[in-house]
Amino acid sequence: MLGSQMLKSQFPILSRYINDKPLVYLDNAATSQKPQGVITAISNYYTGHNANVHRGVHRLSDESTAVFEESRNTIAKFFGADSQELIITRNATEAINGVAYGWADHILKEGDVIVTSLMEHHANFVVWQEVCKRTGAKLELVGVDENGRLRLDELRQKLEIFPIKLVALVHVSNATGTVNSVKKILQLIKQHQKDTPIRLLIDGAQSAPHMPINFHQLGADFYAFSGHKMLGPMGVGGLLVRKELLESGEMSPWLFGGGMIFSVLPAQTEFNPDLAERFVAGTPDVASVVGLAAACEYLYQLDMRKIEQHDRELVLYALEKLQQIPEIKIIGPVKSLQTGQQLDRLGSVAFLHQAVHAHDVAQILDSEGIAVRSGHHCTMPLHNYFGWQATTRVSFQVYTSKNDIDSLVRGLEKIKQVFKS
Amino acid sequence: MTDDLYRETIITEARHPQNYGPLEGADITQSQVNPSCGDSIEVYVKLDKEGQKIADLGWEGKGCVVSMASMSFLSAKVKGMSFVKINQLTTDDLKQMLGVEEITLSREKCMMMGLMAIQKALRDK
Ligand SMILES: Cc1ncc(COP(=O)(O)O)c(C=O)c1O
Numbered sequence: 001m002l003g004s005q006m007l008k009s010q011f012p013i014l015s016r017y018i019n020d021k022p023l024v025y026l027d028n029a030a031t032s033q034k035p036q037g038v039i040t041a042i043s044n045y046y047t048g049h050n051a052n053v054h055r056g057v058h059r060l061s062d063e064s065t066a067v068f069e070e071s072r073n074t075i076a077k078f079f080g081a082d083s084q085e086l087i088i089t090r091n092a093t094e095a096i097n098g099v100a101y102g103w104a105d106h107i108l109k110e111g112d113v114i115v116t117s118l119m120e121h122h123a124n125f126v127v128w129q130e131v132c133k134r135t136g137a138k139l140e141l142v143g144v145d146e147n148g149r150l151r152l153d154e155l156r157q158k159l160e161i162f163p164i165k166l167v168a169l170v171h172v173s174n175a176t177g178t179v180n181s182v183k184k185i186l187q188l189i190k191q192h193q194k195d196t197p198i199r200l201l202i203d204g205a206q207s208a209p210h211m212p213i214n215f216h217q218l219g220a221d222f223y224a225f226s227g228h229k230m231l232g233p234m235g236v237g238g239l240l241v242r243k244e245l246l247e248s249g250e251m252s253p254w255l256f257g258g259g260m261i262f263s264v265l266p267a268q269t270e271f272n273p274d275l276a277e278r279f280v281a282g283t284p285d286v287a288s289v290v291g292l293a294a295a296c297e298y299l300y301q302l303d304m305r306k307i308e309q310h311d312r313e314l315v316l317y318a319l320e321k322l323q324q325i326p327e328i329k330i331i332g333p334v335k336s337l338q339t340g341q342q343l344d345r346l347g348s349v350a351f352l353h354q355a356v357h358a359h360d361v362a363q364i365l366d367s368e369g370i371a372v373r374s375g376h377h378c379t380m381p382l383h384n385y386f387g388w389q390a391t392t393r394v395s396f397q398v399y400t401s402k403n404d405i406d407s408l409v410r411g412l413e414k415i416k417q418v419f420k421s
Numbered sequence: 422m423t424d425d426l427y428r429e430t431i432i433t434e435a436r437h438p439q440n441y442g443p444l445e446g447a448d449i450t451q452s453q454v455n456p457s458c459g460d461s462i463e464v465y466v467k468l469d470k471e472g473q474k475i476a477d478l479g480w481e482g483k484g485c486v487v488s489m490a491s492m493s494f495l496s497a498k499v500k501g502m503s504f505v506k507i508n509q510l511t512t513d514d515l516k517q518m519l520g521v522e523e524i525t526l527s528r529e530k531c532m533m534m535g536l537m538a539i540q541k542a543l544r545d546k
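Taken in order, these protein sequences are the chains called L and D.
Mapping of the first sequence onto the working numbering: position 140 corresponds to residue 140, and the numbering continues sequentially without gaps.
Mapping of the second sequence onto the working numbering: position 5 corresponds to residue 426, and the numbering continues sequentially without gaps.
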């Protein structure tokens with residue numbers, strides 16, 4: 001069962017005590033903890049197989065290459081993508097930067113328009129501001145409604161008016177938990193696409209850990225994710241790119257050097273025709289890729305559909321409990337758009353405390369062993385728009401239980417005592 | 422450490438801060454933000470005739486208990502203090518003002534925000 005003691009015990013760090021209290025880890029949107037299987041996979045790689053990949057003919061190099069390729073296959077399969085469509089990066093941020101350097105810089109011309117939104121993480125915001133500086137393209141922002149939902153009507157308007165080449169949107173918001181409907185976004189794009197294609201980039205940093213993703217069914221051109229938020233190690237993530245864009249050269253390598261080449265002559269270099277290798281410049285972090293594959297395997301065994309269901313239950317439970325506390329105001333959607341429909345929210349619940357600053361909330365919770373995030377969560381445009389100084393966020397993973405949320409509620413009681421509010 | 426940080430004196434200081442509000446006729450205004458959380462402090466400084474000391478100081482800010490209480494204590498302390506002395510103030514001095522022995526790295530930034538604003542104001546004057 002998800003959230004059970006048995007499952008918790010597979011994550012060694014969760015047995016720690018903080019301030020003499022058992023750790024209650026509710027900062028999973030920042031990074032998730034790692035199961036023993038992932039830690040062991042990394043350790044086994046270095047203990048038994050370490051050698052550079054695609055380089056030598058000796059046994060270890062061969063083993064290492066095989067493990068690397070197998071791991072890539074596992075990760076791609078987890079996302080319903082072909083192995084060739086997976087570009088390994090350090091994290092979601094680097095993946096989005098990859099679209100900027102490997103796609104936008106040579107595709108966009110002065111006057112072209114990139115659309116992103118007010119609810120983006122800085123990773124999917126600052127990158128586009130910088131692309132605009134380099135290419136002369138313009139950035140248009142889609143707003144949010146009072147519940148933190150994307151204004152699809154505004155997206156439609158922009159698609160009607162502007163010569164848009166790229167739409168870059170978050171799948172699940174790390175601040176409000178809002179789930180954007182990629183299906184509806186794609187419908188709008190298809191309706192308005194004329195001769196030149198409009199590409200869609202989805203920032204999946206917070207969707208990959210909480211819902212099943214099938215890249216081909218999703219229909220986006222680019223999908224970025226971070227391994228460390230989905231039980232994998234830090235330092236590895238990926239960019240999924242639709243094969244057509246790779247084959248046509250529309251998406252081209254943005255890092256150059258060894259490994260990604262076919263032939264290097266003094267006057268010119270030909271890139272590796274093998275799509276999987278064309279984007280691997282220099283020695284990759286093989287151990288982390290192996291670790292991420294182990295994480296994908298683990299999540300696959302648990303079943304992403306069950307994980308999503310578990311997450312939805314936790315979101316609803318946290319909303320119910322937190323809404324009973326008068327000082328607390330939840331940010332983001334709390335009711336589904338239509339009755340009977342499921343709430344379009346996943347992964348986290350963030351809130352404002354009327355009397356106490358978010359840092360103070362987080363610090364007092366820490367004294368109870370409860371780890372939460374406070375601040376603007378790298379979504380300053382959204383926080384500024386709503387005039388939120390800083391918010392407190394609790395976020396979930398497969399090992400989170402309703403008991404953890406009960407502990408949180410008791411921790412919030414302590415704030416009342418300390419501040420006598 | 423939390424109990425230390427959330428003593429009544431600190432909470433009260435943050436709730437009833439000294440020298441709060443803009444200062445009319447200020448010679449310098451300077452703001453400081455903590456980029457990791459978006460908290461901000463604005464200081465208004467009046468210099469003495471020789472221009473070597475702070476004659477008066479007002480401030481406004483949005484932030485946690487630690488940043489607000491620290492700035493409040495500091496605002497009282499630096500009045501009449503020479504620039505040389507102010508520039509020599511350190512983390513330890515502020516910990517002493519707050520009466521805490523330890524502070525985590527992340528909260529140290531909150532504690533230091535006010536002092537940074539004042540020191541920046543004096544540098545840029
Ligand atoms: C929605 C979203 N996008 C992008 C990122 C960036 O992830 P990383 O720091 O792993 O690159 C995050 C991380 O918090 C996120 O929540």
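Please keep in mind that the hints were generated in silico from the structure rather than gathered at the bench.
Glycine included, C-beta positions come from ideal geometry on N, C-alpha and C.
Be aware that a few hints might be false.
[Stated by the list, open to error] Reference excerpt, derived from the structure (chain D facing chain L, CB under 7 Å, subset only):
id : residue
1  : Tyr427
2  : Tyr441
3  : Cys458
4  : Gly479
5  : Lys483
[As the list claims (entries may be wrong)] Chain L side only, calculated, beta carbon under 10 Å to chain D, not exhaustive:
id : residue
6  : Asn73
7  : Ala281
8  : Thr283
9  : Gln354
10 : Ile364
11 : Ser367
12 : Ala371
13 : Ser374
14 : Gly375
15 : Met380
16 : His383
17 : Gln389
18 : Lys420
Results of checking the hints against the structure:
For tyrosine 427/D, the shortest C-beta to C-beta distance to chain L is roughly 5 Å, which falls under 7 Å, so the interface hint holds. This hint is violated: tyrosine 441/D has a C-beta 16 Å from the nearest C-beta of chain L, more than the 7 Å allowed. Hint status for cysteine 458/D relative to chain L: holds, with the closest Cβ pair at about 4 Å, below 7 Å. Hint status for glycine 479/D relative to chain L: violated, with the closest Cβ pair at about 21 Å, above 7 Å.
Satisfaction of the interface hint for lysine 483/D is found here, the shortest Cβ-Cβ separation to chain L being roughly 5 Å, below the 7 Å cut-off. The beta carbon of asparagine 73/L comes no nearer than 39 Å to any beta carbon in chain D, farther than 10 Å, and the hint placing it at the interface is violated. At about 31 Å, the closest approach between the beta carbon of alanine 281/L and any beta carbon in chain D exceeds 10 Å, and the interface hint on this residue is violated. Because the beta carbon of threonine 283/L sits about 33 Å from the nearest beta carbon in chain D, more than 10 Å, this interface hint is broken.
Given the 10 Å rule on beta carbons, the hint for glutamine 354/L is violated: about 14 Å separates it from the nearest Cβ of chain D. Of the supplied interface hints, the one on isoleucine 364/L holds, with its beta-carbon coming within about 6 Å of a beta-carbon of chain D, less than 10 Å. Proximity of serine 367/L to chain D holds as hinted, the smallest CB-CB distance being about 4 Å (cut-off 10 Å). A cut of 10 Å between beta carbons decides the hint on alanine 371/L: the least distance to chain D is about 12 Å, and the hint is violated.
About 7 Å separates the beta-carbon of serine 374/L from the nearest beta-carbon of chain D, less than 10 Å, and the hint is met. For glycine 375/L, the shortest C-beta to C-beta distance to chain D is roughly 4 Å, which falls under 10 Å, so the interface hint holds. Interface restraint check: methionine 380/L against chain D, minimum CB-CB distance 7 Å, threshold 10 Å, status holds. For histidine 383/L, the suggested interface contact is upheld, since its CB lies about 6 Å from the closest CB of chain D, less than 10 Å.
Hint status for glutamine 389/L relative to chain D: holds, with the closest Cβ pair at about 5 Å, below 10 Å. The beta carbon of lysine 420/L is positioned within 10 Å of a beta carbon in chain D (closest approach about 8 Å), and the interface hint is therefore held.
Comparing the model with each earlier hint shows violations of hints 2, 4, 6, 7, 8, 9 and 12; every other hint is respected.
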